[in-house]
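**Q** In case you want the letters, here they are:
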Amino acid sequence: MVTIYDGKPGLSRRELLKRGGIGALLVISGSAVISPENAWGLETSALKPETMATLIQMARDIYPHDQVPDKYYAIAVKGHDEQAGKDAAYKTMIEDGIADLDKKSGEGGYRGLGWEEQRVAVLQQIEATPFFQSIRGGLVVSLYNQQEVWPIFGYEGESYSKGGYIARGFDDIEWL
Amino acid sequence: MAASFDLKNDNVVVIIGSGAGGGTLGNELAQKGVDVVILEAGARHEYEDFINDEWGSFSQLAWTDKRTTSGDWRVSKDFPNLPAWIVKSVGGSTTHWAGASLRFQEHEFKTLSTYGKVEGANLLDWPVTLAEMEPYYAKAEAKMGVTGTNNWPRLPGNNNFKVLKAGADKLGYKECHTGNMAINSVERDDRNSCQQTGFCFQGCKWGAKWSTLYTEIPKGEATGHLEVRPNAMAIKINHDAAGKVTGVVYADKDGKLQEQKARVVAVAGNSIESPRLLLNSESAKFPHGLANSSGQVGKNYMRHTTGSVYAIFDRPVHMYRGTTMAGIIRDEARHDPSRGFVGGYEFETLSLGLPFMAAFLNPGGWGRSFTTALDHYDHMAGLWIVGEDMPRAENRITLHKDEKDAHGMPIADVHFDDHPNDTAMRNHAYKQATALYDAVGATRSFPTPPYPSTHNLGTNRMSEKAEDGVVNQHGQAHDIKNLFVSDGSQFTTGAAENPTLTIVSLAIRQAEYIASQMSAKTI
Ligand SMILES: Cc1cc2nc3c(=O)[nH]c(=O)nc-3n(C[C@H](O)[C@H](O)[C@H](O)COP(=O)(O)OP(=O)(O)OC[C@H]3O[C@@H](n4cnc5c(N)ncnc54)[C@H](O)[C@@H]3O)c2cc1C
Ligand code: SF4
Chain Z
1 MVTIYDGKPG LSRRELLKRG GIGALLVISG SAVISPENAW GLETSALKPE TMATLIQMAR
61 DIYPHDQVPD KYYAIAVKGH DEQAGKDAAY KTMIEDGIAD LDKKSGEGGY RGLGWEEQRV
121 AVLQQIEATP FFQSIRGGLV VSLYNQQEVW PIFGYEGESY SKGGYIARGF DDIEWL
Chain X
1 MAASFDLKND NVVVIIGSGA GGGTLGNELA QKGVDVVILE AGARHEYEDF INDEWGSFSQ
61 LAWTDKRTTS GDWRVSKDFP NLPAWIVKSV GGSTTHWAGA SLRFQEHEFK TLSTYGKVEG
121 ANLLDWPVTL AEMEPYYAKA EAKMGVTGTN NWPRLPGNNN FKVLKAGADK LGYKECHTGN
181 MAINSVERDD RNSCQQTGFC FQGCKWGAKW STLYTEIPKG EATGHLEVRP NAMAIKINHD
241 AAGKVTGVVY ADKDGKLQEQ KARVVAVAGN SIESPRLLLN SESAKFPHGL ANSSGQVGKN
301 YMRHTTGSVY AIFDRPVHMY RGTTMAGIIR DEARHDPSRG FVGGYEFETL SLGLPFMAAF
361 LNPGGWGRSF TTALDHYDHM AGLWIVGEDM PRAENRITLH KDEKDAHGMP IADVHFDDHP
421 NDTAMRNHAY KQATALYDAV GATRSFPTPP YPSTHNLGTN RMSEKAEDGV VNQHGQAHDI
481 KNLFVSDGSQ FTTGAAENPT LTIVSLAIRQ AEYIASQMSA KTI
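First to last, the protein sequences are chains Z and X.
When the letters of the first sequence are read in order and numbered with our numbering, they come out as residues 1 to 176.
When the letters of the second sequence are read in order and numbered with our numbering, they come out as residues 1 to 523.
For the record, the hints were derived by calculation from the structure and aren't laboratory data.
Idealized CB from N, CA, C, for every residue including glycine.
Warning: the hint list may mix true and false statements.
To give a feel for the contact side, a few chain Z residues facing chain X, derived at Cβ under 7 angstroms [to be verified]:
id, residue
1, R111
2, G112
3, F131
4, F132
5, Y155
6, S159
7, F170
8, I173
9, W175
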């Protein structure tokens, strides 16, 4: 099971801060990946928490949106932990895939590479692997299908309950 | 009240599929007092049940049973098990469709005589002309409430249309308007007018857009002559020693096999399932499948030459507000070989929500080039290209050699290679559309590859001569008198226009023919 703690009703911000170090981007603590700055944490059960932290970084490098917080990338990849819990072969594919990514990235591993370009160069080497394809293929749905991210892109989603757009700007373009 | 017929009743017309073709044929026959059973593989969801959410709606309505693909089309690489985006639900793809309803042009019924022989293409003239179709087009437009006909006003233009129109004016295109849409622009037929919700592809929750689900089907049921049996997947059509069809074997909602006896069978499962069913109905008498003495069943699969162009502007557009297909440019629909291809194409506005845009803008794409496009989603405008593609014998539906579905029926493989004419047309359209958006100040454009096929055509084609095709000018099998094809698979060629108005018109015409042949006791 993966739990995303997001302020209430999971861990409080104080508890998160206690568990993680202040200032770090993503902190691994026990079986959890924690973002102390943003008060959320994600507990893994099948995958190593380090693996999950790398998956989150990898997700951001595949679909980088600087205005989208890490939390949504974490939600987008948490399904891999659930899947790994049910399917040993799947778990091996993910763990091996991440290990390979780290190996190709040199001493500090994938997350140790400071620039996105450096990490993307490593991803390009594994682009054709089933590992990369399953991460990317899942992500294109699990990231963009979160209603919470839609407003960040200016997509308004469901509109029937609001009476459609007939009185809400379907033809409000002014600059033409 | 909806009828309920006995399985052994062999006086009924059994229709397979309840979409544009099957739903219309069912109602038209019921109105004439003919008893009809429609077998529909999907479940029945009424329009209140529709979901304003792209993936949510897709799982509710789309046909997701496994299919395989082959050929050089990009869909085969990006969506190997989803060659087509069509529906498995009562109402068929008329739940998902956008509503664009255009008549074919005269020459599009006569492509072989007009274009001449095109290498690598299996062109043929239809055994029907525009003049013969006109009265049926008029009936279909009246039935469906097509805007811009019968004095119904066109829909108001949304933001996406206004961008299109501004570009069309700059390029000098003359025929640009908000289309001929089977969407109520005023309340009529006891249905709402369009509220510009922008989820036309997800099923119209207002019922403003025509769908057989809440027009033809309840009207047919009200006569007491129509029964729609949902969750009934037809597997095989049976015949007698004389070669007449006698009934349809189907898997019911519990997966149990049943046989509905029939006086006449009409196949309307859309252009992948219809040939699949005919091929799967092979027997000692018909070893290559039913109605297949010509060998044409499953061949000449067409999907229209399509593609999209999305463009980003420095100011907001909000293209997703309002009707999904909100306007059209028709100037390129003419046949003008000086452009480097035969046939023509239409531009129609199109919008996808963020989830589908991510999936379809550049399937497989990733990294900043891809994501910076989505970053400006609310500054995007978009259009869809729909043009005539070339029928080719090699583009075809076949039964998979090994893989079977839950009922033990071989799954369909869809093979498609682009003809050079398709590629030339698509490239021309990409160039024109990019220029159009540039003229309005686009800062970046995206020539977007074709989606899984929404228009599936041609796999049981109509022909004058029995050796050239599967059915005659009434959709009646050349080989078997009481077997009909009633969907887009009868199309001899595809034309530039969206197919549904023609499917509906053919179904109205076919209903007259079937009823008259039944009373004359020839079937
Ligand atoms: C997103 C989208 C947008 C579109 N927009 C337009 C548009 O603007 N204009 C236009 O003209 N067209 C449009 N189309 C195409 C239009 O929907 C189809 O052309 C039309 O619905 C096809 O009619 P049909 O009767 O051949 O098949 P369908 O409407 O697909 O109906 C076939 C039915 O048969 C059922 N079936 C299949 N096999 C079996 C079986 N073995 N047993 C029982 N039932 C079976 C299916 O479940 C389905 O319900 C669009 C399609 C999509 C998906
Ligand atoms: S935009 Fe109009 S036709 Fe489309 S779903 Fe909304 S109300 Fe229906």
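**Q** For the hint on Z:W175, just tell me whether its beta-carbon gets within less than 7 angstroms of chain X.
**A** Holds, about 5 angstroms.
**Q** Given Z:Y155 as an interface hint, is the shortest Cβ-Cβ distance to chain X below 7 angstroms?
**A** The hint holds - Z:Y155 has a Cβ within 7 angstroms of chain X, the shortest such distance being about 4 angstroms.
**Q** Given Z:I173 was flagged as interface, is its beta-carbon under 7 angstroms from a beta-carbon of chain X?
**A** It holds, given that the least Cβ distance between Z:I173 and chain X is near 4 angstroms, below 7 angstroms.
**Q** Report holds or violated for the interface hint on Z:R111, using the least CB-CB distance to chain X and a cut-off of 7 angstroms.
**A** 18 angstroms, violated
**Q** Please check whether Z:G112 passes as an interface residue: C-beta within 7 angstroms of a C-beta belonging to chain X.
**A** Given a least distance of 20 angstroms, the restraint on Z:G112 is violated.
**Q** Classify the hint on Z:F170 as holds or violated, based on whether any CB of chain X lies nearer than 7 angstroms to its CB.
**A** 4 angstroms, holds
**Q** For the hint on Z:F131, does the least C-beta distance to chain X fall short of 7 angstroms?
**A** 14 angstroms, violated
**Q** Can Z:S159 be said to touch chain X, with a Cβ gap under 7 angstroms?
**A** 5 angstroms, holds
**Q** Was the hint right that Z:F132 lines chain X, CB cutoff 7 angstroms?
**A** With Cβ-Cβ at 9 angstroms, over 7 angstroms, it is violated.
This entry does not satisfy hints 1, 2, 3, 4, going by the numbered hints stated previously.
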